[in-house]
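In order, the protein sequence lines correspond to chains A and B.
Position one of the first sequence corresponds to residue 1 (UniProt numbering), numbered consecutively onward.
Position one of the second sequence corresponds to residue 1 (UniProt numbering), numbered consecutively onward.
Just so you know, these hints were derived from the structure itself, not from any lab.
Keep in mind that a hint or two might mislead.
Calculated cross-link-like contacts (lysine-lysine; reagent style DSBU-like; alpha-carbon spacing at most 30 Å) [said to hold, decoys possible]:
| no. | chain 1 | residue 1 | chain 2 | residue 2 |
| --- | --- | --- | --- | --- |
| 1 | A | Lys87 | B | Lys182 |
| 2 | B | Lys182 | A | Lys129 |
| 3 | B | Lys182 | A | Lys83 |
| 4 | A | Lys79 | B | Lys182 |
| 5 | A | Lys76 | B | Lys198 |
| 6 | A | Lys191 | A | Lys129 |
On the chain A side, residues computed to face chain B include the following (Cβ under 10 Å) [claimed, not checked]:
| no. | residue |
| --- | --- |
| 7 | Leu58 |
| 8 | Leu59 |
| 9 | Lys83 |
| 10 | Arg86 |
| 11 | Lys87 |
| 12 | Ser98 |
| 13 | Gln99 |
| 14 | Phe111 |
| 15 | Asn115 |
| 16 | Gly117 |
| 17 | Phe146 |
| 18 | Val161 |
| 19 | Leu164 |
| 20 | Ala170 |
None of the values given here were measured: they were computed from a predicted structure.
Heads up, the beta-carbon is just placed ideally off N, CA and C, and yes, glycines get one too.
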Amino acid sequence: MAMRLRLDHVTADYQIGPVRSPRVLREVSMSLQPGTFTAVVGPTGAGKSSLLKVLNGLLLPQSGQAEIGDITIDGKSSKRLLKAVRKRVGLVFQFPESQLFAETVEQDISFGPLNFGAHPRNVHALAEKVIAQVGLDESILYRSPFSLSGGQKRRVAIAGVLALEPEVLALDEPTAGLDPTGKEELLSLLKQWNKQNGLTILMVTHDMESVARYADDVVVMEKGRAVFHDSMRKLFEDTERLEKWQLDVPDARRFQLEFEVRSGTRLPRVCLTEDELADALIEVGRV
Amino acid sequence: MNKLILGRYFPGDSLIHRLDPRAKLISGIAFIFISFLAKNSQGLFLLWLFTFFVMSTTRVGFRAFFRGVRPLIWLILFTVFLQILFTAGGTIYFNWGPIKISEYGLANALFIFSRFVTIIVVTTAVTLTTKPMELTDGLTFLMRPLRILRVPVDELSMMLSIALRFIPNLLDEMQRIMDAQKARGAVFGEGSLFHQMKALVPIFLPLFSSSLNRGEELANVMDVRGYRSELPRSSFRRLIWKIKDTVCMLVILLLIAAFAVLNLI
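The shape of chain B in the complex, shown without the other chains (with noise of 0.2 Å):
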């Protein structure tokens, strides 16, 4: 549970961590169709010096950046070896029925490998710096335009916030029942398939009662309180872009003109 670093917010106070949540939503997704622009090996080059520009800028240390990598890591190294092993083109190197280890493939296995990395590690680094509230107030204010196709922005955005908020507590209570029932000798992570699923009922019972109870509560407290899924929203949180998310945008841009200059050369 602890190993998903994917999601979870590191404080700090860098220069990323106080961009713009919409900055950093942007330029994220941005990444994403950049990182398929590299094509030769300057590409690459450069791919990676933002991804090692980025990661250093957040000030989180690259430990958390491979945390986030490392559950990811089989199916990356899969998509690469069937990229070393059935590309054919270039100069073969060795060749054994269909399998095949080319000029092409190898290159080919390394691009993929690099957006991989570099995406997820971009990513994550949008996600280490962002307070998930502050991400669901950039996503909501990204979904603004959805409202005329008549999507209930505002309520999922509200949903967003109520179930991102929730997590800790949904964690600290799981840890608190799986104790005591260990305290009664209940043995996780043991025995067959079934017996560890078994297993798992006194935590979930346990866990999906309070959290109904919960939600109960809330909605009552919401209710109590005045609100009113219907009616236009105020936010307590105003987002404020800044010079420096300008700046951020014109990052992403001269990197986009950087990668259409090289692919002209």
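Just chain A, same shape as in the assembly (with noise of 0.2 Å):
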């Protein structure tokens, strides 16, 4: 069950009609532990959408390979292998309600499970404990998936990736173009999804407030290559390097910064959400 992702020396580009794209991804090589939750962060360009790709089998390395598990993929990897690495790595394009096409949720979300093989009598069960777990009403299963609102749309996608029982789900921007209240909904059934279930969270964000809130781990991209890959707090530490990255700093942390200078007075350790910030303004006594 448990299944690494690991990544070896990945070398990847696209081709689009005669121009070929400079590298997007140089050697890259990672390795991802089962059950994790890791952002990708990175200016645009650097090559995170790309990364997700591999990872799905959507683009193939050009030199280096792919570990899914016991499935290795590389330049010439055959379409049967590639599926089945889509079964278990979900990916979630930007705005994937751009994706949704049936007359009804219901039927949009079996797309993926009859793709891969599912029995038409079991993917009825199938929606409705995604839809349940994307924190939908039932009854939304037989509207027509273009009657439904913005963030609606969000979920039912996200929903029909995750009926294909994935063991890692890949989200590229998920929370891109919601309201504060939806993006903070998202990203906590993102957080429970990957507590209580265990499933391998990799999701692509610009935005460092959920970094510092939900992940474990933090991947940065910089022109193609991954720069840095350890446990998220270890990123924050070192704000010299998140500038070199242009990467934002959690509004706590920058206080904190803001504060030490200010002040003299140095917090105990590094702070990234307002609470934390709290707790450490306390212990220092000067709150």
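Two chains, two frames, a set of hints: combine them into the complex.
Next comes the structure, spelled out in structure tokens:
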């Protein structure tokens, strides 16, 4: 069950017509432990989305290889092998609501499982299960996906990927375009699946606040290379490095740094959320 | 999709790139007629000479042109073989029932092949070196006389430029949706024809839906910014006829004259 993801010197690029894009991934090596919640951050065009595509078999490595559990994909992998990989690694694209097409939500959710050979008799129960997982009412299964609100569509689309029952869920900016409440709800759902069901989660994001709140590990991508892969706390310790990678610092951490400079008092640890900050301030007796 | 070189712009800064789109359009159309003037071996030579001249002046590289010819190669070969096999006249080299390989047949086939290929290459040169927007502007200008017949030329050109503008977006979006459905286990281009057609629904339905939405948004934005179809329009990009454009037209005239002389001798 415990499935490890490993990339071994993966280099990849896209071929668009006669034009070959510069290397989108260069010699990326990393290893993801099962059950972790990993955030992928980095500036635009750093290769974050391409990284997800490699893990899903949509972008094949030009050199190097990716190991998804006991399956190894390289530049010459067969379609059948790739399909097996896609069953294990569910990929949620940016604005996934644009992939909805069926007449009813239930049919749309069933699309994936049926493609992977699920029995038509079992998919109904599956659809009921995942729609509850994404926190929507069962009655929505019989409505047209095009009649739903933006936030609902997003959840239905994610449910469509969850229905594949993947072991790893890879998401490309799942909260883009959602309002703050919707964002918070979605991220807590992800964390819940990660904690309770042991789902390995890999999430591309720009929002360092949600990284600080939800991620265990962080991968920093820069110009196609994975330049950092360690625990989230380690990332926020060294602020100079963050600046070099053009990454934001969570508000609480920024407050802490400013506070330390102005008051001359160092807080006992790195604070990433308001609660941690409040506790640390009480401890040093400044509140 | 990516093989469709016809109608694709290749960025560059060659002499042909910098010509006025009107000059290029007129020359391209004129060349189609000119290619029919080649009637003897000298004419054929001149036709190819001009074609190679155009190809090398664009500085796009010959490969791009071959890609333009490739989709039509079977049609060309089919016509060529019909000519070879069923034209009689001159010395007959081979005779088997209705099938004759004759001197005239071979000559005809050579001319037809040359005409096809040179026309494709020269028209491809026009589209490879002209931005779609310039092409639209040029077409609009050339269609102007049709206004007398109450053809809505400005509306047509607006529609054309919007359509051209959104082709890359549509292709990108299609790629994205295809990837998303592949991630959900969809397989394209496999199985029976019926199966393959059914596999397209999950791509085209979202594509249609998003295109309709985008169209509506675009219409609203145009309304808000005061677009009115019935009013005369000015243009942001002005087409300016330069000396080199006149030279280009002169070259075409010269070509016609050369053919006229060749055919008289």
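Going down the list of hints, with the structure as the test:
1. With a CA separation close to 11 Å, the supplied pair Lys87(A) and Lys182(B) stays within the 30 Å bound.
2. Proximity of Lys182(B) to Lys129(A) is assessed by CA-CA distance (about 23 Å); at most 30 Å being required, the pair is judged to hold.
3. Note on Lys182(B) and Lys83(A): the hinted pairing holds, with a Cα-Cα distance of about 8 Å set against a maximum of 30 Å.
4. The suggested pairing of Lys79(A) with Lys182(B) holds, with an alpha-carbon distance near 11 Å, which does not exceed 30 Å.
5. The suggested pairing of Lys76(A) with Lys198(B) holds, with an alpha-carbon distance near 28 Å, which does not exceed 30 Å.
6. Taken as a hint, the Lys191(A) and Lys129(A) pair is honoured in the structure, with Cα atoms around 18 Å apart against an allowance of 30 Å.
7. Checking Leu58(A) against chain B by beta carbon gives a least distance of about 5 Å; that is within 10 Å, so the hint holds.
8. Because the smallest distance between the Cβ of Leu59(A) and any Cβ of chain B comes to about 9 Å, under 10 Å, the interface hint for this residue holds.
9. A distance limit of 10 Å between C-beta atoms decides the matter here; for Lys83(A) the minimum to chain B is near 6 Å, and the interface restraint holds.
10. A least Cβ separation of about 6 Å between Arg86(A) and chain B falls short of the 10 Å threshold, and the interface hint therefore holds.
11. Interface restraint check for Lys87(A): the shortest CB-CB distance to chain B comes to about 7 Å, inside 10 Å, so the restraint holds.
12. Contact between Ser98(A) and chain B, as hinted, is supported at the beta carbon level, the nearest pair being about 6 Å apart and thus within 10 Å.
13. The interface hint given for Gln99(A) holds, since its Cβ lies 4 Å from the closest Cβ of chain B, which is under the 10 Å cut-off.
14. Interface restraint check for Phe111(A): the shortest CB-CB distance to chain B comes to about 6 Å, inside 10 Å, so the restraint holds.
15. Checking Asn115(A) against chain B by beta carbon gives a least distance of about 3 Å; that is within 10 Å, so the hint holds.
16. Proximity of Gly117(A) to chain B holds as hinted, the smallest CB-CB distance being about 9 Å (cut-off 10 Å).
17. With 10 Å as the threshold, the beta carbon of Phe146(A) comes within range of chain B, its nearest partner Cβ sitting at about 7 Å, so the hint holds.
18. Hint status for Val161(A): holds, given a least beta-carbon distance of 7 Å to chain B, under 10 Å.
19. At about 7 Å, the closest approach between the beta carbon of Leu164(A) and any beta carbon in chain B falls short of 10 Å, and the interface hint on this residue holds.
20. A distance limit of 10 Å between C-beta atoms decides the matter here; for Ala170(A) the minimum to chain B is near 9 Å, and the interface restraint holds.
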